[in-house]
Amino acid sequence: MTTLPEAATGQTVSGQTKTSAVPGPSPTASLPIEAEQIAFDIKNFSLWYGQRQALMDVTISIPAKKVTAIIGPSGCGKSTFLRALNRMHELTPGIRLEGSLRHFGDDLYGPGVEAVAVRRRVGMVFQKSNPFPTMSVAENVLVGLRLNGVRDKSVLQDRLEKSLHMAALWDEVKDHLNRPGTSLSGGQQQRLCIARSLAVQPETLLMDEPCSALDPIATAKIEELIQTLRETYTVVIVTHNMQQAARCSDRTAFFYMGRLIEFDDTRRMFTNPRNPQTEAYVSGRFG
Amino acid sequence: MIASPYLPTPGYARWRKLKSTAVTAILVVCALAVITPLFLIIYFLLVRGFGSIDWNFFTQLPKPTGEAGGGMANAILGTLILLAMASVVGVPLGILGGIYLAEYGTERANSWLRFAADVLNGVPSIVWGMVIYLVLVVPFKTFSAYAGGVALGLMMVPLVVRTSEEVLILVPQSYREAALALGVARWKVIMVIVVRTALKGIMTGVIVALARIAGETAPLLFTALGNTFWSHSLKEPISALPLQIFAYAISPYDDWHRQAWAGALVLMALILALNITVRVLSRDRSTTL
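Respectively, the protein sequence lines represent chains A and B. Those letters in the first sequence? Residues 1 to 287, by the working numbering. Those letters in the second sequence? Residues 288 to 576, by the working numbering.
So here's chain B without its partners, still in its complex pose (with noise of 0.2 Å):
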């Protein structure tokens, strides 16, 4: 062995090597930490909620207090009316905003809509529950399905916006540029042929804005307020799964108390399954982004 000042004697290299274990032990242990909390999740709705899934709870109506049984069939379908309102709110209004980011927008415009954008995604949920309060529910003097579903939907218009102008700007130019050489009109070159090609990537965005919005409580409790029965109008009240599951879970009764585990497995189940539809959409970005 050449005898070098640049060589670690044995000591100083064992040393090193003890070094470098224990931070790579630290950095394991953190990130183990992070991934704990969801299996934490998944394990407690299991053990606890599993039980009380049966076809009643997908089917029956909940059951007056004091009755054994019954199920969440009307929260079940309210959370995904009000995911479908939403949409129709949020999904036009994000995308729309989206375009004008990425084709439209000048420098200055552009960096005002992002901060609002950016601070509307922070706003508080039970704020957005509050001003909807204000103009929708408290003119018309009924809480209702419709309110719910603005209030979801504007909560989904932030998140849209950003990650529809992030996969426009995606689109290469020379598609923009052979659309508009054969003399097609501009907003039919980015509707028809820039939306389409980043169609994939606006549809991930407003599937992860759907997983946000699917589990929020807050903005409904001012607006959706929720019932126990079958809603026969989108004019008055309707019911949610998280809605459903803080009221469960602030009764007193046991066996409201399992129903408001097994609403919460069957929401973590909806949110989990958007979650997966994200991954296989994005997993293929080989012709289109």
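One chain only, chain A, in its complex shape (with noise of 0.2 Å):
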């Protein structure tokens, strides 16, 4: 399933200027237009540690239900602007932020509004796989819910069912479920830690670099498996590999020196990209 473009994105957003929507000479762009729900609408958005500015004026739209890649350079901001969506960097002290960040309408950085509720409804699947060593797969998908204070036995199973099969593990595991989740392969493992994730039920899944540490087999299955998680779950994912991007997002976020630099349709970043930047990144000129 690819994207139709429609006017908004189009837009390229560059340093602090935002150009207006620009229509894109797409020949699809007479098609009638989808109407996109947007899941992440952030605005102006900049992120310091400590004295040194790592997200400069960023504003983007991230749509739902759909595979958003970030690329970029080591050091560009892109795993600091995953963690600014599910508040994870606050683990890190003496960071300060501007701007306002949407999740589905919702203020996360609101008053009031918690840090551990946002994390419920925005997951996170991290670069290295880490089940925890003490618990048994079935354990580990189940833990979340579970320290949420999830009793109800035939609950825990169906989830435990439904988040094993939607991470395209249930088949390798079901005969072995007590034994401990550090047992699996390293594509398990990382499969298995999805299976976490979507056990709670968040709206939306974030990927920092989830197949950065796995065979070109596992990382095949994982692809595979974020073009199934699309039609439930909005995607975000921060990846190095620009084939990765290419083959399994919709809309691709540029980012570089802290600034995003374009944002559009995956297809038409890798053709036809609008910045200098981005095409010399893309085409392996630097990064």
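I should point out that these hints are in silico values taken from the structure, not numbers from a laboratory. Remember, it's a predicted structure, so these values are computed and weren't measured experimentally. All C-beta atoms in this analysis are idealised placements derived from N, C-alpha and C, irrespective of residue type, glycine included. Any given hint could be a false lead.
[Unchecked claim] Footprint (simulated), chain B over chain A, 3 or more residues, beta carbon under 8 Å: (1) 48-56; (2) 86-92; (3) 133-146.
Since each chain comes alone in its own frame, lean on the hints to assemble the complex.
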């Protein structure tokens, strides 16, 4: 499924100046425009680690039920940006931020909004798979529910199966749900972590380079899985691998030196980027 | 052989080898000197104490002066009760203190806390006894098992705090992040994920602390006092192995001396068992810390 580019996606955000929506000279522009729901509506978002500014005036609308890839060279702020989406960066002391960040209309940084509540809605999968070493496969999947007070056995069983099915892991682990989570292979562990995130039923799933520690076969499985997740969830994935971004995302955002350089339909980003920096990066001339 | 200024002459080589052998010999002697006391202790305890250990020693109360036989059943049970009470006081305080240091404390608060814990660790045990005497014995007008348990428990705290902190810090940050990303409250993440991952290490610290206090006599002299019968209430004085050993060892009776040796052997065996548990616990670190 590829998305129809609409007027709103044709915009290039470069630095502080935001050019107003330019209708893209796309051959499909005349097709009926599908109303698109926005998952993250982010305006003029800046973030500092102490004195160092890591994100500069980022304005972006990340669509719901689509896969958005975030690319850019190391240190460009893409991981920082991702962690700001569910307030994981708050674990680092000395952080300051400005601007607004809304998730389905709700201000994630509004007064009285707790990070715990935000993370229930916006889950995260990390670069290195990290199943809890003291827990079995089943316990790992259900830990989020159990710790949030779900006791009903039938609900837990149901979520266990659904989450593992959705993470394309059920067939491989259904006969040893009680083995330690760490006994699985690397790729299985990462899918277990995805199942664990899905079990608490978030609306959005953030993925921070989820395949960078995996072999090509395990990577292919996760990419395939991302394609099915898009039907239910909004997925934002940070990746170093441009082929991966091209293969499995609908939209791509290119970050460089803390700024959002370009955000567009993935196909166009990789075939006909508007910004020369994007062009240089996606064609492999730097980064 | 190539003549080189860097090659030692045969005479020099011999001298160097001699020096090396001499230094190695000194080190071996020192190493033996380090472990000799342990073997001496075990040897004397076995020689003096083993003969007096029989079934009665573990099941009977001390006999009145002049009567032969009897045992230390009340002291053995008393030590176990005191250790349990000390754990009730010392383990939660120590672990929670360690959690504060590892998870919550600011750099400033932590450095003060660590300093306090290290100073407390060095407080002489008789001083602990005197302070608890003032706080828990004088106001209630009686020596008690409670006072003894609290004295031993507080002595455990600094040790448990520091070892808990050390193993909690070793839990990878990625586990905390993974749990937080599930929308789990921080205290639950710490209690269920982090502490559970570090549980083996924390248990090791607790047992090391228990082994440390199991043989303490001085803090009990002012608090638990000791007695020669079964205790009926924790509000009353209670016996403990070190107290009974002390009382018997300073007595003029040969029979009591033999019992004191037997008591020392049992106490040593208890501490050795605790230390062996630690070794077994800390051997398998494959899945958890």
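Hints and how they fare:
1. By the rule of at least three residues with a Cβ nearer than 8 Å to a Cβ of chain B, the coverage given for the stretch 48-56 of chain A is violated, with 0 such residues.
2. Under a criterion of three residues with beta carbons nearer than 8 Å to beta carbons of chain B, the stated coverage of the stretch 86-92 of chain A is upheld, 3 such residues being counted.
3. With 4 residues having a Cβ less than 8 Å from any Cβ of chain B, the stretch 133-146 of chain A passes the three-residue criterion, so the hint holds.
Hint compliance for this structure: hint 1 is the single one not met.
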